[in-house]
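Based on the sequences and whatever the hints tell you, model everything.
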Amino acid sequence: MIIPWQELETDTLDSLITEFILREGTDYGDYEVSLASKVREVKEQFQQNKLAIIWSEINESVNIVPIDSIHYMDE
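All letters in the sequence shown, in the order written, are residues 3 to 77 by the working numbering.
Since the hints were derived computationally from the structure, they do not count as laboratory data. One should not assume that every hint holds.
Beta-carbon label-pair distances, calculated as ranges [said to hold, decoys possible]:
(1) Asn61 with Asp32: 33 to 41 Å
(2) Asp32 with Glu9: 35 to 43 Å
(3) Asp32 with Glu59: 37 to 45 Å
(4) Glu62 with Tyr33: 25 to 33 Å
(5) Val64 with Leu37: 16 to 24 Å
As the structure is a prediction and not an experimental result, all values here were calculated from the model. No residue lacks a Cβ here, since even glycine has one placed at the ideal position from N, Cα and C.
See the structure below:
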């Protein structure tokens with residue numbers, strides 16, 4: 003099930019994004035990017051319809067995924 007990110011409370015969305023960023027791994031770039039900057043980047047990707055929030059009833063978990071990957075989940 004897709005959860006519209008716009009319908010989440012700001013604190014809930016921020017917590018979900020922060021958990022997603024911390025779970026996804028480490029930076030390997032030339033410079034360190036702050037957590038606040040990463041949160042802004044993820045929010046921008048939501049606004050650009052590049053990401054979606056998915057609830058898995060099977061796993062009873064929520065995740066942030068690329069929009070392009072959603073149709074593969076239904077197959």
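Hints, one by one, checked against the model:
1. Under the hint 33 to 41 Å, the C-beta atoms of Asn61 and Asp32, about 36 Å apart, fit the expected range.
2. A beta carbon spacing of about 37 Å between Asp32 and Glu9 agrees with the range 35 to 43 Å that was offered as a hint.
3. Range check, Asp32 to Glu59: about 41 Å between beta-carbon atoms, so the 37 to 45 Å window is met.
4. One distance hint, 25 to 33 Å for the beta-carbon pair Glu62 and Tyr33, is violated here, with the actual separation near 38 Å.
5. Distance hint for Val64 and Leu37: a CB-CB separation of about 19 Å, consistent with the stated range 16 to 24 Å.
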